[in-house]
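> Here's the letter readout for the chains.
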Amino acid sequence: MAKVVLEFEKPIFELEQKIEEIKTLSDNVDVSDEVKTLEKKVSQLRENIFSNLTRWQRVQLARHPERPYTLDYIQNMTTDFVELHGDRAFGDDKAIVGGFAKLGDQPVMIIGHQKGRDTKSNLYRNFGMPNPEGYRKALRLMKLAVKFNRPIITMLDTPGAYPGLEAEERGQAEAIARNLFEMSHFPVPIIVVIIGEGASGGALGIGVGDRILMLENTWYSVIAPESCSSILWKSWEFKEQAAEALRLTPPDLLEQKIVDLIIPEPQGGAHRNPQQAAMILKDALLDELKTLRKLKPEKLVERRIEKFCNMGAWNE
Amino acid sequence: MSWFRRSTENIASDNQKKDMPEGMWSKCSSCGEIIHKGALEQNLWVCPKCSHHFRISSNEYFSILFDEGTFKEFDAKMTSKDPLSFVDTKKYKDRIKETIKKTGFSDALRYGIGKMNKRDVVIACMDFSFIGGSMGSVVGEKIRRAVDKAIKMKTPVIIISASGGARMMEAAYSLMQLAKTSAKLAQLSDAGLPFVSLMTDPTTGGVTASFAMLGDFNIAEPNALIGFAGPRVIKQTIGKDLPEGFQRAEFLQEKGFVDLVVPRKDLKATISNLLQMVH
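Respectively, the protein sequence lines represent chains A and B. Just so you know, we're using our numbering here: the first sequence kicks off at 117 and counts up by one. Just so you know, we're using our numbering here: the second sequence kicks off at 5 and counts up by one.
Looking at chain B on its own, in the form it has when it is part of the complex:
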């Protein structure tokens, strides 16, 4: 005779999990901490335990920087034209279609105008989830229009970078976006208007070698990877391991290419403070 006869059903751990809303918890990729989504959002997607800055999209950056309800986006429907009918293992056209469907973004950068601590600013923000935040014609053209808007309205420009570099599938067109965006920033500069470059994880390749490095103020999020060549390529070239912290935000500040490293929670206040000094 068993003393422990179960009168009710087995503990259904599986069922219980299913009852929880999908994706309520996030795991920190740096320290492994399990964090409740709500708490993470409240902490601006920064791990409360180790301060790791999660990669976030333009939606989150716009909500962090703009005063609530003041943001108006422009050219939200602009998409790439696939000017070269590029095909690698996949058609570029299909790649774009799939990525639009998957991410809900039309390309790797969005821009608009709004108020930041009551100051009018034009902000453009990249989305790394869109083909690695790569810069093709759309990113270049949107930055051109963002700068034109700022010159017309006499406002500062903030560009938030998150990119693996230029988009290979638009070949030379992509390369020319480096020149195009830099030329527009020269115009903005000639108009006496400030440009703040905010580099997030990762900012590499053609984006770093153009607008991201051209800020009157170059600001980076903590530990963001920032560089021209990717770490793997450099390692291959020199045949040695790379030093700890190489190409991270703090390293770039140490080497003199970033004005300051700013934690996400201080971004809005720090940028506003800088802008009030010059604009």
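Excised from the complex, chain A in its bound form:
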């Protein structure tokens, strides 16, 4: 598969290619010193570029076509996963996946948006844009978790809920609203992780929980920067400004007290090392679960509602 390289990733890749070249061309010559120096340089370069990302660049990383998706994380950090299908009412939405799995030795319900990698799988997954039955499947699975007293982990990565005609007919708004309502008072721990794009109600529709974690190169807001640009600036050209104005990166949201924790990614982004990214996340999740498990169900619900009630800013 051809590598996808973002504009600002280019210097890193060029240097990496050079290292590879030296390695292959130097059959019998010892180049280890030179390689070492260059590798150090590339590491510094990565560090440099990634610590100075603009908000728009962060959005691009969140959409990187090689980024790990929900099923990659499930595969890399859990065992015994059984995917469960369908909402028992209309159908099985491929843009949301879910099922029981073991995280460490702990059975959990894992649910997340699922994007595709190429045209065919993207069509199959509807580009990660759920229809109402996707949210209703998620709700059904969460109710299973509640019945058997298992914690719920949700993973957010969607460009939005699907704005289609049938989606409206089947009650897209109602499906999302119902999930917000129900998730706010489920008596089991819920951990939400933003692993890619957190676009508006379509993301939040599986995003109410006790702890909200955000991977380092992701975004979360009420609208995508392009759409915001088209509405407020009446042109698609102001996406960079819109991304700045929306303050949609992990550090922004931590400051706004909308997320609780930023999960670091491997150097260069999760797509450079999906296994390591999953391991880092797994450790964080196990940590969070340990703390949440100590809370009584009533306390859990009370704290969760309180948490969301504190979000916002107003003058009396």
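One or more of the hints may lead you astray.
Stated by the list, open to error - The calculated DMTMM-like cross-link candidates involving lysine to aspartate or glutamate, where the alpha carbons are at most 25 Å apart (straight line), are:
#	chain 1	residue 1	chain 2	residue 2
1	B	LYS239	A	GLU342
2	A	LYS410	B	ASP194
3	B	LYS94	A	GLU342
4	B	LYS153	A	GLU422
5	B	LYS156	B	ASP79
Since the hints were made in silico from the structure, they are not lab data. Predicted model only: the values in this text are computed from it and were never measured.
On the provided structure of chain A, position chain B as indicated by the hints.
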């Protein structure tokens, strides 16, 4: 010699118009009928010819639903803080200031307590004229307090929606109001108290995807536009024209998402009747 020499001044049609009080007449945007304001008010801002429901503000809804003189508003002065110092083509701060001045409202929702056919109820009502009735922190916080008040006083809650969705200028804060309002309604529900959602024209986006769709009773005014995505976005997505009546109140009733469509003149009686069954 002219037979028709005018002995008095020309007919001054312009002057005559000016003598009339400003804005005595309204034109129905649906059928074009010219209606006297007084008659329109008496008809609860519904066109007597074609039954088109004019968009009205919280003032009118409060006067329609509450028994006269029983309404007490809370937190009337709460305003948005502009937590992100948001700037697009205009500063959000200035936008708020101008809108407050223009509309006389402090934000897009007001709430209070009063009597509806002698029953205590908490009513919250949105104002579409305030930045498209968009939901930001103030709308969310007022709904939270409205629900708290209702739980404390053991009264039902009625929320009247008129909104284009979440307010972009408060970004993620606005998005979180969807979760906040839905969570409070879950609390209200757990307390066994009824929630009536009244959807008026238009109710779209984040408001529909949160409290507006969560009524024990979902009621809509005739022909109100109700949906998640706006019609323009859907048309763009599917590349086809939308069917007649799509996303209108009657369509939502047909699809099973609205309990009933109620003309404005019957709202008070219908809601009171429902509440007496359950509360």
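> Each hint should be assessed against the structure and marked as holding or not.
Against the structure, the hints come out as follows:
no., hint, result
1, B:LYS239 x A:GLU342, "holds (18 Å)"
2, A:LYS410 x B:ASP194, "holds (24 Å)"
3, B:LYS94 x A:GLU342, "holds (18 Å)"
4, B:LYS153 x A:GLU422, "holds (16 Å)"
5, B:LYS156 x B:ASP79, "holds (17 Å)"
Checked against the numbered hints above, the structure breaks none of them.
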